[in-house]
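What follows is each chain in one-letter form.
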Amino acid sequence: MSDLNLAITARNVRENIVNCIGSLGVGHIGGCLSIADLLAVLYGKHLKHDANNPKMEGRDRLVCSKGHAGPAIYAVLAEFGYFDKSVLETLNQGGTTLPSHCDMNKTPGVDMTAGSLGQGFSCAVGCALGSRLRKDGATIYAIIGDGESQEGQIWEAAMYAGHSKLDNLIAFTDYNKMQLDDFTANINDLEPLDKKWEAFGWKVWVIDGNDIDAIDNAITQAKAYKGQPKMIIMNTVKGKGVSYCEKALVGSHSMSVNAEQRAQAIKEIRGE
Amino acid sequence: MEITKNTLMKEVLVDHMRNVLANDPNCVMLDADLAKCAGTNVLYKEFPDKCFDVGIAEANMTSMAAGLSSYGFKPYVSSFAPFATRRSADQIMISICYAGQNVKIIGTDPGISAELNGGTHMALEDIGMLRSIPNILIYEPTDTMEFYKALPQIHDYPYPCYIRMHRKSPALLTKESDEVNILKARIMREGTDCTVVASGIMVETALLAADELAKEGISVEVVCCHTVKPIDSETIIASAKKTGAVVTAENHNVMGALRSAVCEVLCENYPVPLESIGVKEKFGEVGKVPYLRKVFNMDVEDVVGAIRKVITRK
Chain A
4 MSDLNLAITA RNVRENIVNC IGSLGVGHIG GCLSIADLLA VLYGKHLKHD ANNPKMEGRD
64 RLVCSKGHAG PAIYAVLAEF GYFDKSVLET LNQGGTTLPS HCDMNKTPGV DMTAGSLGQG
124 FSCAVGCALG SRLRKDGATI YAIIGDGESQ EGQIWEAAMY AGHSKLDNLI AFTDYNKMQL
184 DDFTANINDL EPLDKKWEAF GWKVWVIDGN DIDAIDNAIT QAKAYKGQPK MIIMNTVKGK
244 GVSYCEKALV GSHSMSVNAE QRAQAIKEIR GE
Chain B
266 MEITKNTLMK EVLVDHMRNV LANDPNCVML DADLAKCAGT NVLYKEFPDK CFDVGIAEAN
326 MTSMAAGLSS YGFKPYVSSF APFATRRSAD QIMISICYAG QNVKIIGTDP GISAELNGGT
386 HMALEDIGML RSIPNILIYE PTDTMEFYKA LPQIHDYPYP CYIRMHRKSP ALLTKESDEV
446 NILKARIMRE GTDCTVVASG IMVETALLAA DELAKEGISV EVVCCHTVKP IDSETIIASA
506 KKTGAVVTAE NHNVMGALRS AVCEVLCENY PVPLESIGVK EKFGEVGKVP YLRKVFNMDV
566 EDVVGAIRKV ITRK
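Chains A and B supply the protein sequences, listed in that same order.
In this text, residue positions in the first sequence follow my numbering: the first is 4, and each later residue adds one.
In this text, residue positions in the second sequence follow my numbering: the first is 266, and each later residue adds one.
In case anyone wonders, no lab produced these hints; they're calculated from the structure.
Mixed in with the good hints, there may be bad ones.
Unchecked claim - To give an idea of the chain B side of the interface with chain A (calculated C-beta under 8 Å), a few residues: (1) Ala322; (2) Ala324; (3) Ser328; (4) Gly365.
Unchecked claim - Computed cross-link-like contacts, DSS-like style, restricted to lysine-lysine with a CA-CA straight-line distance of at most 27 Å: (5) B:Lys339 with A:Lys168; (6) A:Lys138 with A:Lys180; (7) A:Lys229 with A:Lys138; (8) B:Lys310 with B:Lys414; (9) A:Lys51 with A:Lys109; (10) B:Lys433 with A:Lys168; (11) A:Lys138 with B:Lys339; (12) A:Lys138 with B:Lys414; (13) B:Lys339 with A:Lys51; (14) B:Lys494 with B:Lys433; (15) A:Lys229 with A:Lys206; (16) A:Lys58 with B:Lys339; (17) A:Lys88 with A:Lys109; (18) B:Lys480 with B:Lys579; (19) B:Lys449 with B:Lys433; (20) A:Lys109 with B:Lys339; (21) B:Lys414 with A:Lys168.
To be verified - A short list of chain B residues far from chain A (calculated; beta carbon distances all over 12 Å): (22) Leu299; (23) Asp421; (24) Val445; (25) Val565.
Even for Gly, the Cβ is constructed at its ideal location relative to N, Cα and C.
Given only the sequences and the hints, what does the whole structure look like? Please build it.
Pasting the structure below:
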């Protein structure tokens, strides 16, 4: 049976994303909405974290290597009290603590700077190695994009994590099958993606990445699994939960959210 | 360690790494399949939990180091100069510098000291690429004694550092009693007619040129600018005020590194005639250092010619 609290959290995260990007009127909304369910499950159930002490020793860390999903991270951080929800409306404004791409030196709760694709994932491997050396028992989570997986650095990092059997590292691919220019299959196809990760020494799950139970189960299994780094390939819908974004398909990578669209999106998310 | 004229730069590096790995619980070392070349491979047996050879994947090594730094570690990464910098430029910019991670980057055999590895391995643009990144310190050791004294300061420097080091044994110009401050240029020889601001292997060349010209009564001041960023403007301006003419001499393309930095300082503060020695609009090529000095006009006679020319322009 679904965890009702997590479903409510996911709904609130989506609402926060729409308000955050809507305040500016444009942004990477598609790839933010696609990972809203994952973020709700991570922060609501699995991530060892403390909003009152964002730099807590031994905390689990989340590296959002697809750094353009910053607004999704801000949405979940606001939901869990890292800062007031009103701060979401400062996205990308001069002097903001919420820049378009994740910045560990600007936003409380952001563990790693990302934006130049591929790099955050290597940083996450460095964190996993650091946690192993510190013996602090932390789990390092990383979210990578499907388009981002075309970067060579992803596979450099994957190979070394597999070689090093970094089993404190759990990664997610937001596999919404779309990137800025077109469908990934038309640009530079990733398939067979699961086989690639397996070949690089990772334990792989392929799930419905917008199904809260499926995400919860996969993370639970991944945490228990030892001896290899873990990849959870999440089949997701870009723009999930907001019909005009879903219909925009590739166009939702970065698109406008005007006042009317914002109001309509909130209605849909609330099921009104 | 005891420094003699036969001590190799890489031996000084290994001695430093052994000290910091033993004494700084946060220090870690990363290589990209060139540990044997840097000499750091011997540390892998001594510190198996603190040394990581990530294979031929410099981008991953550089960002991984940033991840380790975010976890409270102080990582050193090492490779040949072109791969430590050119290959990983965006990772140095974003993962390390933009994210504020204190990583020490070691690039070995810069410029013509890459010798027989040739043009592909000859970093002549590494400083130019990194110098416009905020906060990074760029240090090119002059000799083993200076390097020995500078490394602990680099370890304690609170920002990322790029160490552009010769692996072999350049002429030993620094005495044990000499003071070395990584943020201060060194007056290697005082003079009144012209200043040569030199770095790396060109410091010795500049001193030999000064010897030559002294025979004719021309007095040359040699300033060793081991740290091109942040540059010691004060020492360079003071010397230019004294001599009224400057030659820069570097083992790098003349664009973006020492010449550029010195020109920026002087143009904005005390403009004087300036000539430059360094690689000019050419790629590297294979050969031994004496041959390459001729190809790129980086010999003693070239520095002598530049000094003569700049003095006529006063």
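Results of checking the hints against the structure:
no., hint, result
1, Ala322, "holds, 4 Å"
2, Ala324, "holds, 5 Å"
3, Ser328, "holds, 3 Å"
4, Gly365, "holds, 5 Å"
5, B:Lys339 with A:Lys168, "holds, 23 Å"
6, A:Lys138 with A:Lys180, "violated, 37 Å"
7, A:Lys229 with A:Lys138, "holds, 15 Å"
8, B:Lys310 with B:Lys414, "holds, 26 Å"
9, A:Lys51 with A:Lys109, "holds, 21 Å"
10, B:Lys433 with A:Lys168, "violated, 37 Å"
11, A:Lys138 with B:Lys339, "holds, 17 Å"
12, A:Lys138 with B:Lys414, "violated, 34 Å"
13, B:Lys339 with A:Lys51, "holds, 25 Å"
14, B:Lys494 with B:Lys433, "holds, 24 Å"
15, A:Lys229 with A:Lys206, "holds, 9 Å"
16, A:Lys58 with B:Lys339, "holds, 18 Å"
17, A:Lys88 with A:Lys109, "holds, 16 Å"
18, B:Lys480 with B:Lys579, "holds, 21 Å"
19, B:Lys449 with B:Lys433, "holds, 24 Å"
20, A:Lys109 with B:Lys339, "holds, 22 Å"
21, B:Lys414 with A:Lys168, "violated, 39 Å"
22, Leu299, "holds, 16 Å"
23, Asp421, "holds, 21 Å"
24, Val445, "holds, 32 Å"
25, Val565, "holds, 44 Å"
In terms of the numbered hints stated before, the structure departs from hints 6, 10, 12 and 21, listed from lowest to highest.
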